[in-house]
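There are 2 protein chains.
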Amino acid sequence: MSPAHDLEENLAFTPKFDANGLMTAVVTDAKSGDVLMVAHMNEEALRKTIATGEAWYFSRSRKALWKKGETSGHVQHVVELRVDCDQDAVWLRVDQQGAGACHTGRRSCFYRAVPLGKSGAAALEFRDADKTFDPDLAYKPKL
Amino acid sequence: MSPAHDLEENLAFTPKFDANGLMTAVVTDAKSGDVLMVAHMNEEALRKTIATGEAWYFSRSRKALWKKGETSGHVQHVVELRVDCDQDAVWLRVDQQGAGACHTGRRSCFYRAVPLGKSGAAALEFRDADKTFDPDLAYKPKL
Numbered sequence: 103m104s105p106a107h108d109l110e111e112n113l114a115f116t117p118k119f120d121a122n123g124l125m126t127a128v129v130t131d132a133k134s135g136d137v138l139m140v141a142h143m144n145e146e147a148l149r150k151t152i153a154t155g156e157a158w159y160f161s162r163s164r165k166a167l168w169k170k171g172e173t174s175g176h177v178q179h180v181v182e183l184r185v186d187c188d189q190d191a192v193w194l195r196v197d198q199q200g201a202g203a204c205h206t207g208r209r210s211c212f213y214r215a216v217p218l219g220k221s222g223a224a225a226l227e228f229r230d231a232d233k234t235f236d237p238d239l240a241y242k243p244k245l
Numbered sequence: 103m104s105p106a107h108d109l110e111e112n113l114a115f116t117p118k119f120d121a122n123g124l125m126t127a128v129v130t131d132a133k134s135g136d137v138l139m140v141a142h143m144n145e146e147a148l149r150k151t152i153a154t155g156e157a158w159y160f161s162r163s164r165k166a167l168w169k170k171g172e173t174s175g176h177v178q179h180v181v182e183l184r185v186d187c188d189q190d191a192v193w194l195r196v197d198q199q200g201a202g203a204c205h206t207g208r209r210s211c212f213y214r215a216v217p218l219g220k221s222g223a224a225a226l227e228f229r230d231a232d233k234t235f236d237p238d239l240a241y242k243p244k245l
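The listed protein sequences correspond, in order, to chains A and B.
In this text, residue positions in the first sequence follow my numbering: the first is 103, and each later residue adds one.
In this text, residue positions in the second sequence follow my numbering: the first is 103, and each later residue adds one.
Among the hints, erroneous ones may be present.
Because identical chains share one entry, a pair is satisfied inside a single copy or across any pair of copies.
[As the list claims (entries may be wrong)] Mimicking SDA-like on lysine to any residue, the simulated pairs with C-alpha atoms at most 25 Å apart in a straight line are:
1. Lys233 with Asp188
2. Lys242 with Asp197
3. Lys133 with His176
4. Lys233 with Ser104
5. Lys169 with Asn144
6. Lys165 with Thr206
7. Lys118 with Arg164
8. Lys242 with Ala114
9. Lys169 with Leu218
10. Lys169 with His179
11. Lys242 with Trp168
12. Lys165 with His142
13. Lys133 with Ala240
Source of the hints: derived by calculation from the structure; they are not laboratory data.
Because the structure is a prediction, the values reported are computed rather than measured.
Just chain A, with the same shape it has in the complex (with noise of 0.2 Å):
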């Protein structure tokens, strides 16, 4: 069998990392289904995570790893963790705690739909996009 139908077929754990060491991670709620949220891990996010049953990432802009709700207290328990056919992405379903998965203050990161079938730049439409919680507060470092 060739390496592809191997790493499609076999059920040994063999993760691919992109050139930054990274694999993609989408989120979605255990009970909604909802996208909440697609984040970056590397090896030791992944294995973390694996380990310890709550998400932790990477984060691309700050160069580090991240334990998701470490201040603002939102973790995520993983319901279920996915890989996909080719090992290079992931899927967490999660149960999100407290009121969201978004640093802007939603429970979504996808709170905004682009409209279909028009030509040319349309503007975004708002869906969902309520603020749940008050990110200047959650993520004020405690004193």
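Start from chain A and add chain B according to the hints.
The following block gives chain B in isolation, referenced to the frame of chain A:
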């Protein structure tokens, strides 16, 4: 207001592509909420998806624009397209035509789970992994 605030709170669609000219596209089944696949879009794939309401992607391995289902007939009708807070990822809720989205013959690319709480290399576990179509037939060039 800061540029980051504008990007997050405004209704101007200003998609951000990475150094390779790509952005991440998460695709979920509009009915079940399951993640079907993770793919990438360049500017042209995004533009065609918005204009036609059918999903187009950019294949990193083939370095080519690609209409989902062009060979297999497993087209994706986009029910809703959303963009995330920093506008570098999109979420497509689709009405998946045909038997599935994965080139391995399954409905979803995420047909294996990673066991949690285990240290070391635990074996993956199949989830919803029955094949729903024969990829050798679906992707065979039509004569």
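Problem set entry | Hints the structure fails to honour | As far as the earlier hints go, only 8 is violated by this structure.
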